[in-house]
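2 protein chains.
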Amino acid sequence: MKIGILGAGNVGGTLGQGWARRGHEILFGVRDPQSPKTRDLIAQCGDKARAGSAAEAATCEVVVNALPFAAGKEALEALNLKGKVLLDCANPLKSDLSGLEIGPNTSAGEMAADWAKGAKVVKIFISTGYNNMANPDYGGNPLTMFYCGDDPAAKGIAADLARDLGFTPVDAGPLTNARLLEPLAMLWIWLAIRGGMQREFGFRLVTR
Amino acid sequence: MKIGILGAGNVGGTLGQGWARRGHEILFGVRDPQSPKTRDLIAQCGDKARAGSAAEAATCEVVVNALPFAAGKEALEALNLKGKVLLDCANPLKSDLSGLEIGPNTSAGEMAADWAKGAKVVKIFISTGYNNMANPDYGGNPLTMFYCGDDPAAKGIAADLARDLGFTPVDAGPLTNARLLEPLAMLWIWLAIRGGMQREFGFRLVTR
Chain A
214 MKIGILGAGN
224 VGGTLGQGWA
234 RRGHEILFGV
244 RDPQSPKTRD
254 LIAQCGDKAR
264 AGSAAEAATC
274 EVVVNALPFA
284 AGKEALEALN
294 LKGKVLLDCA
304 NPLKSDLSGL
314 EIGPNTSAGE
324 MAADWAKGAK
334 VVKIFISTGY
344 NNMANPDYGG
354 NPLTMFYCGD
364 DPAAKGIAAD
374 LARDLGFTPV
384 DAGPLTNARL
394 LEPLAMLWIW
404 LAIRGGMQRE
414 FGFRLVTR
Chain B
214 MKIGILGAGN
224 VGGTLGQGWA
234 RRGHEILFGV
244 RDPQSPKTRD
254 LIAQCGDKAR
264 AGSAAEAATC
274 EVVVNALPFA
284 AGKEALEALN
294 LKGKVLLDCA
304 NPLKSDLSGL
314 EIGPNTSAGE
324 MAADWAKGAK
334 VVKIFISTGY
344 NNMANPDYGG
354 NPLTMFYCGD
364 DPAAKGIAAD
374 LARDLGFTPV
384 DAGPLTNARL
394 LEPLAMLWIW
404 LAIRGGMQRE
414 FGFRLVTR
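If you read the protein sequences in the order shown, they are chains A and B. Under this note's numbering, the first residue of the first sequence is numbered 214, with each subsequent residue one higher. Under this note's numbering, the first residue of the second sequence is numbered 214, with each subsequent residue one higher.
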């Protein structure tokens, strides 16, 4: 398959190398096809890759947007992508990586903290179904339970209570990160109900 | 530990049963402590659980909010939870389960579709680091790659390209679900950078 990749940074470069190794033809669309960094990348891809302009990359049957989110609008609007398969890999991150640029500015967890004045709120037990709360064991390995909050002692208690049920608790940061965990819960619900996966699945964080 | 649980539905009931079995004392705070459903639940918890009012549940050292999101504000504002550990399990779901009530009304994926007129956009390759795109194998098992989009053929191509890299692709629904996958990407980034987990971890969807 001919794959055009807009951007040759970590994500675009890694995807291109991986696909080139498996026989796909890669065209990196970059500002300067002759830059040392791009030439290095091409060399690592074997003979299956070359670099050109974004417009050339956009002629491939599959186009990958691996540009920073801030660069996407100008780049995509300038190209003719009608009918193309466009794989969008942009993350709309704040520049300090503290959160999403276009995400919500609150969460049910933060609202609970506002309503329950003075309570030490921990957001937990949302990212999986109640069936998994009854039994989080999957083939001898537990599911992960993500939690977030601002009070370390309260978080420790929450983690212990998750462990009591058989989960592996994972600290997902401050209470504002409920803005990340609540969509993860919604993803589980979507997969279970609309996605037809039923309820016997869950998420696990794995390490090497 | 004495744990008060607001609500005795699927989540609250399951958590209470699980903790009661492990020796915690459970007090379900419900509207009607004598309802048949509540009595059934109490019976299943052994001698470690009883039912009472929300105010009674709120006197426990740990309080769990397992009420529907819509009921949270009134319930929490009415209770004295100062200094309590409050585990908030509320999911701010739309009533048709199509998405989050308080989530964002767009995503970078939907914006890309708007910018790249006529392209068949698939949101993919965001929920893990580029190191995992180079090698998604964790102990002989692949990481999961979630993707979403509105064009079935384009999604099929995206899934094949994820498989080529060694991922297990999982269809996460329509392009609007980029509103769920982009926060998942942010969760990975948060854990890696601010959470101190470095880059050698990833997410896997597991089934029984």
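Certain hints may be false.
For chains that are exact copies, the list does not tell them apart, and a pair is met inside one copy or across any two.
To be verified - Derived pair list, reagent style SDA-like, types lysine to any residue, alpha-carbon separation capped at 20 Å:
| no. | residue 1 | residue 2 |
| --- | --- | --- |
| 1 | 307 | 318 |
| 2 | 286 | 269 |
| 3 | 215 | 312 |
| 4 | 215 | 272 |
| 5 | 330 | 267 |
| 6 | 261 | 409 |
| 7 | 307 | 319 |
| 8 | 286 | 373 |
| 9 | 307 | 246 |
| 10 | 286 | 308 |
| 11 | 286 | 410 |
Please keep in mind that the hints were generated in silico from the structure rather than gathered at the bench.
Here's how the hints hold up against the structure:
1. Taking the shortest alpha-carbon separations for residue 307 and residue 318, both the intra-copy value of 12 Å and the inter-copy value of 17 Å come in at or below 20 Å.
2. Taking the shortest Cα distances, residue 286 and residue 269 sit within 20 Å of each other inside one copy (18 Å), while across copies they are farther apart (54 Å).
3. Taking the closest pair of Cα atoms, residue 215 and residue 312 never come within 20 Å of each other, the shortest separation being 34 Å inside a single copy and 35 Å across copies.
4. Within a single copy, residue 215 and residue 272 get their C-alpha atoms as close as 9 Å, which meets the 20 Å cut-off; across copies the closest is 64 Å, which misses it.
5. Taking identical chains as interchangeable, the C-alpha atoms of residue 330 and residue 267 lie at most 20 Å apart only when they sit on different chains, with a minimum of 16 Å there against 53 Å within one chain.
6. In this assembly of identical chains, the alpha carbons of residue 261 and residue 409 never lie at most 20 Å apart, being 39 Å within a copy and 37 Å across copies at closest.
7. With identical chains, the CA atoms of residue 307 and residue 319 are at most 20 Å apart both within one copy (15 Å) and between copies (16 Å).
8. Taking the shortest Cα distances, residue 286 and residue 373 never come within 20 Å of each other, neither inside one copy (45 Å) nor across copies (27 Å).
9. Taking identical chains as interchangeable, the C-alpha atoms of residue 307 and residue 246 are never at most 20 Å apart, the minima being 28 Å within one chain and 47 Å between chains.
10. For a Cα distance limit of 20 Å, the shortest separation of residue 286 from residue 308 inside one copy, 17 Å, qualifies, whereas the shortest one across copies, 33 Å, does not.
11. In this assembly of identical chains, the alpha carbons of residue 286 and residue 410 never lie at most 20 Å apart, being 35 Å within a copy and 32 Å across copies at closest.
In summary, the numbered hints that this structure violates are 3, 6, 8, 9, 11.
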